[in-house]
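Engineer: Take these sequences, add in the hints, and give me the full structure.
There are 2 protein chains.
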Amino acid sequence: MAIIGDLSLDLDKISSDTMADVVEMRLRDYFKKKSFKPGDALPKEQELADALGVSRNVLREALSRLRMLGMVETKKKRGMILSSPDVLGGFERVLDPLIISADALQDLFELRLILEMGLADVLYLNLNDQSIHELEMIANNEKKKNKEIFRIANEIAFHGKLYEMAGNDTVKRFQHMLLPVFGFVLQLENEFVSGKVTHLDLVEILKSGTKDDFRNGMYDHLKPHFDRLEAIKK
Amino acid sequence: MAIIGDLSLDLDKISSDTMADVVEMRLRDYFKKKSFKPGDALPKEQELADALGVSRNVLREALSRLRMLGMVETKKKRGMILSSPDVLGGFERVLDPLIISADALQDLFELRLILEMGLADVLYLNLNDQSIHELEMIANNEKKKNKEIFRIANEIAFHGKLYEMAGNDTVKRFQHMLLPVFGFVLQLENEFVSGKVTHLDLVEILKSGTKDDFRNGMYDHLKPHFDRLEAIKK
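The listed protein sequences correspond, in order, to chains X and G.
For what it's worth, the numbering used here labels the leading residue of the first sequence as 1, then goes sequentially.
For what it's worth, the numbering used here labels the leading residue of the second sequence as 235, then goes sequentially.
Hints are computed from structural coordinates only; laboratory data are not their basis.
Backbone N, C-alpha and C define an ideal beta-carbon position, used for all residues, glycine too.
Treat the hints loosely; a few may be bogus.
[What the hints assert, rightly or not] No farther apart than 20 Å at their CA atoms in a straight line, the calculated lysine to any residue pairs in the SDA-like style are these:
id: 1; chain 1: G; residue 1: Lys406; chain 2: G; residue 2: His367
id: 2; chain 1: G; residue 1: Lys309; chain 2: X; residue 2: Leu11
id: 3; chain 1: G; residue 1: Lys310; chain 2: X; residue 2: Leu11
id: 4; chain 1: X; residue 1: Lys196; chain 2: X; residue 2: Asn154
id: 5; chain 1: X; residue 1: Lys75; chain 2: G; residue 2: Lys247
[Said to hold, decoys possible] To list a few chain G residues with every Cβ distance to chain X over 10 Å, as calculated:
id: 6; residue: Ala236
id: 7; residue: Asp284
id: 8; residue: Ala285
id: 9; residue: Leu420
id: 10; residue: Lys430
id: 11; residue: Glu438
id: 12; residue: Thr444
id: 13; residue: Phe448
Structural biologist: Take a look at the structure:
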């Protein structure tokens with residue numbers, strides 16, 4: 001027969017964190033099962049807490065998480081409603097190079113290169129003279145001196161404009177988040193050199209070249225980074 | 235002279251949500267300012283609540299958010315520590331096609347295409363016979379019938395393997411999250427046709443073609459989706 005000793009040694013207390021994890025998941029499942037759409041009113045806090053059999057504090061923790069992600073909002077008079085989340089909000093919050101693991105940093109560095117190399121097709125669907133002209137202004141505004149140096153501000157302005165020209169706000173914001181991480185990795189490696197193809201060269205390609213020309217130009221522009229990757233992978 | 239009427243009409247109550255937003259931001263700033271690294275012990279809850287001048291409940295809400303993102307963990311004996319966040323955790327939680335806005339869905343659809351088109355360079359840095367063989371097995375396992383049809387399971391298996399071959403776990407997981415969104419958009423449009431270049435054709439290109447051949451093959455594989463984009467943009 002089993003001997004019952006000190007319970008606290010054999011059973012870990014269920015922390016409120018664990019409870020919040022479970023409640024968050026249950027709420028998410030509930031929204032899906034009931035096909036809640038953005039704008040739909042949610043049950044009151046007390047009703048949710050009662051149905052789940054948890055304290056109001058635990059429920060509030062879980063709701064606060066969903067609120068942070070933009071999935072839940074509180075409207076005057078209407079109370080809590082489901083809302084369209086900010087798809088990149090959670091990503092943005094954790095993108096601190098000082099706390100991300102080295103592996104994840106490296107993955108994100110590559111992710112940026114993959115995005116830049118893959119942009120040509122969508123970009124060329126949206127090209128027009130006006131936006132190419134605006135891009136040229138950005139490239140011209142970069143300080144002439146030190147143009148060999150990788151500068152986060154220039155990079156964000158120029159490459160951000162490219163994503164804007166591609167007509168994709170989400171990807172534009174995404175690369176805006178990735179570039180500082182990219183710069184951080186380069187800083188670690190003390191490698192700031194740009195490729196032979198400059199931003200202005202890329203503008204010229206957009207004016208008269210094909211999307212394959214552009215992709216090749218972008219590759220040459222990013223070449224030092226690919227060389228660095230190749231050296232690491234070997 | 236101003237007449238002071240019913241205060242509750244003129245001043246909105248500061249909700250605990252708003253407080254949790256503020257506290258979450260303050261904690262994030264504090265970690266950065268103090269250069270906390272993953273593994274570093276954090277002050278106790280009561281100390282943090284006192285320093286911020288907020289209730290323990292509000293502090294717990296904010297901490298619960300950071301815990302959800304993987305930025306804070308509670309360790310037995312050591313208490314709360316800062317930890318390396320899951321960079322895609324927040325993104326994963328909101329990626330429900332039923333609640334994402336139509337614009338964001340469209341952006342994510344394009345994001346997947348951009349990633350696939352940009353993968354060639356990183357992929358070719360990592361190619362080896364073994365992984366090409368594994369990819370071929372996946373392509374062979376797809377049901378012969380209906381191979382013209384876009385099938386999420388096949389797509390995840392095949393394209394997921396490509397990202398794995400590129401040696402990038404983050405991007406692999408990322409596309410794993412994006413593909414159901416992609417499938418959902420196609421479903422809305424009733425367009426399931428694949429391009430003329432099949433998964434098996436792509437395997438053949440990897441065996442003997444250049445990365446430009448692969449990129450061209452991938453474009454033809456994804457062609458119906460690009461055609462659809464082109465039709466929308468016009």
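Engineer: Against each hint, give a clear statement of whether it holds in the structure.
Structural biologist: Results for each hint:
no.: 1; hint: G:Lys406 <-> G:His367; result: holds (19 Å)
no.: 2; hint: G:Lys309 <-> X:Leu11; result: holds (16 Å)
no.: 3; hint: G:Lys310 <-> X:Leu11; result: holds (14 Å)
no.: 4; hint: X:Lys196 <-> X:Asn154; result: holds (16 Å)
no.: 5; hint: X:Lys75 <-> G:Lys247; result: holds (13 Å)
no.: 6; hint: Ala236; result: holds (24 Å)
no.: 7; hint: Asp284; result: holds (19 Å)
no.: 8; hint: Ala285; result: holds (20 Å)
no.: 9; hint: Leu420; result: holds (17 Å)
no.: 10; hint: Lys430; result: holds (17 Å)
no.: 11; hint: Glu438; result: holds (21 Å)
no.: 12; hint: Thr444; result: holds (13 Å)
no.: 13; hint: Phe448; result: holds (12 Å)
Hint compliance for this structure: no hint is broken.
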